[in-house]
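Enquirer: Bring the two chains, given one by one in their own frames, into a single complex with the hints.
Same order as they appear, the protein sequences are chains A and B.
For what it's worth, the working numbering labels the leading residue of the first sequence as 1, then goes sequentially.
For what it's worth, the working numbering labels the leading residue of the second sequence as 226, then goes sequentially.
There could be a bad hint or two in this list.
[To be verified] Taking lysine-lysine pairs in the DSBU-like style, the calculated list, with each CA pair at most 35 angstroms apart, reads:
| no. | chain 1 | residue 1 | chain 2 | residue 2 |
| --- | --- | --- | --- | --- |
| 1 | B | Lys522 | A | Lys45 |
| 2 | A | Lys45 | A | Lys3 |
| 3 | A | Lys45 | A | Lys203 |
| 4 | A | Lys203 | A | Lys3 |
| 5 | A | Lys3 | B | Lys522 |
[What the hints assert, rightly or not] Footprint (simulated), chain A over chain B, 3 or more residues, beta carbon under 8 angstroms:
| no. | stretch |
| --- | --- |
| 6 | 245–259 |
| 7 | 307–321 |
Don't read these hints as lab results, they were simulated from the structure.
Even for Gly, the Cβ is constructed at its ideal location relative to N, Cα and C.
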Amino acid sequence: MIKLDNVAYSYGGGALLSDITMSFAPGSFHFLTGPSGAGKTTFMKLCYGALLPTTGQVSAFGEDMAGLERDGVALMRRRVGVVHQDCQFLDHLSLSENILLPLRAAGRQTSEAEDDLRELMAWVDLTHRADALPPELSGGERQRAALARAVIMSPDVVLADEPTGNVDWEMSQRLLRLLTELNRMGKTVLVATHDLSLIRAAKAQVQARVLRIANGRVQQAGADL
Amino acid sequence: MSLADDLIMLVRGDAQSDRVVPPSGFTARLTVFAAAAMGFLAVFTLALSVAAGRLADNWGSELARTSTVRITAPADQMPALQAEVAAILESTAGVDSVRTLSTADQQALLTPWFGSGLDLSALPLPGLVEITQATQGFDAQGLRLRLEAEVPGAALDDHSQWRAPLVAAAERLRSVGWISVLLLGLTSAAMVTLAANASLAANAQVIRVLRLVGATDSYIAQAFVRRFTLRVLLGAFAGAALGMVVLRMMPAATDMAGFLSGIGFEGAGWLLPAVIPPLMAAVAFVATRIAAHRALKELA
Numbered sequence: 001m002i003k004l005d006n007v008a009y010s011y012g013g014g015a016l017l018s019d020i021t022m023s024f025a026p027g028s029f030h031f032l033t034g035p036s037g038a039g040k041t042t043f044m045k046l047c048y049g050a051l052l053p054t055t056g057q058v059s060a061f062g063e064d065m066a067g068l069e070r071d072g073v074a075l076m077r078r079r080v081g082v083v084h085q086d087c088q089f090l091d092h093l094s095l096s097e098n099i100l101l102p103l104r105a106a107g108r109q110t111s112e113a114e115d116d117l118r119e120l121m122a123w124v125d126l127t128h129r130a131d132a133l134p135p136e137l138s139g140g141e142r143q144r145a146a147l148a149r150a151v152i153m154s155p156d157v158v159l160a161d162e163p164t165g166n167v168d169w170e171m172s173q174r175l176l177r178l179l180t181e182l183n184r185m186g187k188t189v190l191v192a193t194h195d196l197s198l199i200r201a202a203k204a205q206v207q208a209r210v211l212r213i214a215n216g217r218v219q220q221a222g223a224d225l
Numbered sequence: 226m227s228l229a230d231d232l233i234m235l236v237r238g239d240a241q242s243d244r245v246v247p248p249s250g251f252t253a254r255l256t257v258f259a260a261a262a263m264g265f266l267a268v269f270t271l272a273l274s275v276a277a278g279r280l281a282d283n284w285g286s287e288l289a290r291t292s293t294v295r296i297t298a299p300a301d302q303m304p305a306l307q308a309e310v311a312a313i314l315e316s317t318a319g320v321d322s323v324r325t326l327s328t329a330d331q332q333a334l335l336t337p338w339f340g341s342g343l344d345l346s347a348l349p350l351p352g353l354v355e356i357t358q359a360t361q362g363f364d365a366q367g368l369r370l371r372l373e374a375e376v377p378g379a380a381l382d383d384h385s386q387w388r389a390p391l392v393a394a395a396e397r398l399r400s401v402g403w404i405s406v407l408l409l410g411l412t413s414a415a416m417v418t419l420a421a422n423a424s425l426a427a428n429a430q431v432i433r434v435l436r437l438v439g440a441t442d443s444y445i446a447q448a449f450v451r452r453f454t455l456r457v458l459l460g461a462f463a464g465a466a467l468g469m470v471v472l473r474m475m476p477a478a479t480d481m482a483g484f485l486s487g488i489g490f491e492g493a494g495w496l497l498p499a500v501i502p503p504l505m506a507a508v509a510f511v512a513t514r515i516a517a518h519r520a521l522k523e524l525a
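So that you can see chain B by itself, here it is in the shape it has in the complex (with noise of 0.2 angstroms):
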């Protein structure tokens, strides 16, 4: 029989072949059990994996798009710079806006770690002009040279230094978490070859009723795969739904909390989950197949 044919069996379906292998209470809680903590923790990992290639994602496009230019100089002296400094930005090449940072908004960007009641008069603080580019972008190496000759002081802070290894932190942390999906997976399918094999092992002698009865081994293995197959696709879907539950029940996703609270899922992606207990099934299908042909040779 081939797989096209014991796939078709699986789904139909033989309730009185399904009974030609005896119950085994203890095994299927531990299967079914086991492939719900898989299923659960895939769903984290997911969740996992998902926000941090989002985090990549907003971190690569949003502040590549804008950069600083920092300007040090006496204060008497700074609402002129600044302006200076905004006239040579707004004629540079590939800037789509320029905004001077106001004494208020520098206020605003102190406020989370020195609190509100600070007097920024008593800080050395610079002036700051943001630039956010056009999508051709502009010739930062070139405006750096230009500001450094006409306004001493200025600085340009393009934010690569700092976003290239926070861009690639998050690109790993997603490869890490789909690298954990794909181990959960073989995970999933090292359980389920264990417990089959335990289970066929178990069970020689009903094997040997069967062959004697004339029963293929496309028959035999079918009442093995199919009950291994449906309690991993029970034990999954259970896990998974207890997974979206608890991830629904995370705080929302703030500035302030960063990427712990932004874990999860976002509109149609809160459709993933769901495929992780038919992927988790498939496996168990595969993996109780090949153990099943594997034991019945060796059984012959």
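So that you can see chain A by itself, here it is in the shape it has in the complex (with noise of 0.2 angstroms):
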């Protein structure tokens, strides 16, 4: 699915990220933690091709990303689906025209979308919010209706850059329940946090295989989390 081969990332004249191989199985679960400013989210973007390796090669469904033209990096991102950190919506358009923006933008929307949709957002429970913007949303609905938006283009693998950042424990619960019902469809899920209650709470649901990123170079975590 996504293989890191090698991989390092400079910025600003220092390594952020180095010497980092692996790859992640279709169907497995992942946690990325360590903690602020490690380079979790630096690692998310090299995974779905916003940024680039500064040496190394990031390949995902087999290609190299470096060797994508930017449409090439798009198309693999219909494959790839991404919950961004701070969620990041079109504030004009109502919720559920920003979880059908990836079909739109694939010129996939059709009558059955449309039962996608619903299903969607009663899936996360917002089915009640169709119609409003992005801005009157809490933190809890807008995480989830980025999760919602993330798999709407049934993507192989999701990415979800500190998707309990901004909830309480409750919340951050019910979106660990969203996110391993995906895996156990089938999807590629990985999940950066430096939150280590949710993923202790995670074992009890599901088999993952915790990372953690420590100066530079990202380790399988031990026992002790």
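Expert: Next comes the structure, spelled out in structure tokens:
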């Protein structure tokens, strides 16, 4: 699915990430943790082609990201659903329009898509907020909507960057349940979070590999988590 | 996506896709206004160019077909000399017709300048004989020499001395008109490019979100291209329509008013301004498309 081969990323002269070699198998669940500023978001961006590595190679679905044209990256992103840290909605569009945006951009907005939307809205429990504008939503609602938008194209991989960063414990558990459900559907899920209690809670629900970024390197976390 | 695909998308339209870029009221109104002003000016420039061309053609063809023989002689000898000149002219190859101007004809010619109460006998006017050339024309130099030899005081004026600079001036005015139309087109392109760049910069976050969800450059550019093309089409249509109304309200062309009242279109020529709005929209389409793709490349 997504493979990193001897990847390093430097920013402002300093190496933020280095010597990363790993792959994410289909249907697997991963947590990526580490302190703020460790490079979790950079790692996620490398995985969906928003950044290219300084050295090494990142490939998605067998294709080297560095070799993709901009439209090639766009097509790749239709197979990778991203839940961004700050959700990133178009504030002038309603919630349902925002969730439909990936389908619209791909030219796949059909009557079936409307059915998918209704199902998704019900899945994330936002049916009653379909016509609301993003600024009118609470943090939890925004995160659930971002998750719905990330999966409406039925992607193979879901990348969630700090999806529970701005929500309370109850909401973070709710989001976790949605992510594990996606994994049970066969999606590869990678969740970046600094919230260790979320990872501990997830262990009861899903078989997850926990990765930790420390000193620019990604390591398998120990049993202490 | 190719240019042809973009054109098809432009015509077909996609109301939902258009909405991905938030509405920008002030920029939109300015673009429409600027396009309307350009459309209005383009109609007038086009009318000026067409009128200048018409004038050049008229002066070139009508005046080239006529010449005048001017006879300077005492009044009592004038009728005989005029008859002698007319006889020479009628026997000259390439002359279609000859007309001796009477005192009444000369009075009519001078009335616009001196009024109707002019006593011509008080003025030392030359006798005039007007020549209309046949299609093949005549040998002006040969005729000039023959008149000088046979009728002292008779001089041939084939109008070439003053016709040439007038025709050249009208031709130049026509060229200036077309250059102005071209400049208006280029200015429209520059205006649309600036507005599109401003809009793209203001919507950098929208572009980031669209990229995040897998939108291609063509999809993103299309939203901007369609918006600016339609704004320019609307503005140019309004401006061109207003320009045509104002042209219709101008006084009709008369010999007295000359060139100034002749600015406008004739017959099917009124269809010419209808080309302006689609042409400006095409310019906007190309300019926005180039600006959008360049900006998207820079934002990548």
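Enquirer: Indicate, hint by hint, whether the structure satisfies it.
Expert: Hints versus structure:
Of the pairs offered as hints, the one joining Lys522 (chain B) and Lys45 (chain A) holds, with about 19 angstroms between alpha carbons and a cut-off of 35 angstroms not exceeded. For a cut-off of 35 angstroms, the pair hint linking Lys45 (chain A) to Lys3 (chain A) stands: about 13 angstroms separates their Cα positions. Distance check on the hinted pair: Lys45 (chain A) and Lys203 (chain A) sit about 25 angstroms apart at the alpha-carbon level, within 35 angstroms; holds. For the proposed pair Lys203 (chain A) and Lys3 (chain A), the alpha carbon gap of about 24 angstroms is at most 35 angstroms, so the pair holds.
The hinted pair formed by Lys3 (chain A) and Lys522 (chain B) meets the criterion: a straight-line CA distance of about 26 angstroms does not exceed 35 angstroms. Coverage of the stretch 245–259 of chain B by chain A holds in this model, with 3 residues showing a Cβ closer than 8 angstroms to a Cβ of that chain against a need of three. Note: the stretch 307–321 of chain B has 0 residues with beta-carbon separation from chain A under 8 angstroms; the three-residue rule is not met and the coverage is violated.
Checked against the numbered hints given earlier, the structure breaks only hint 7 and satisfies all the rest.
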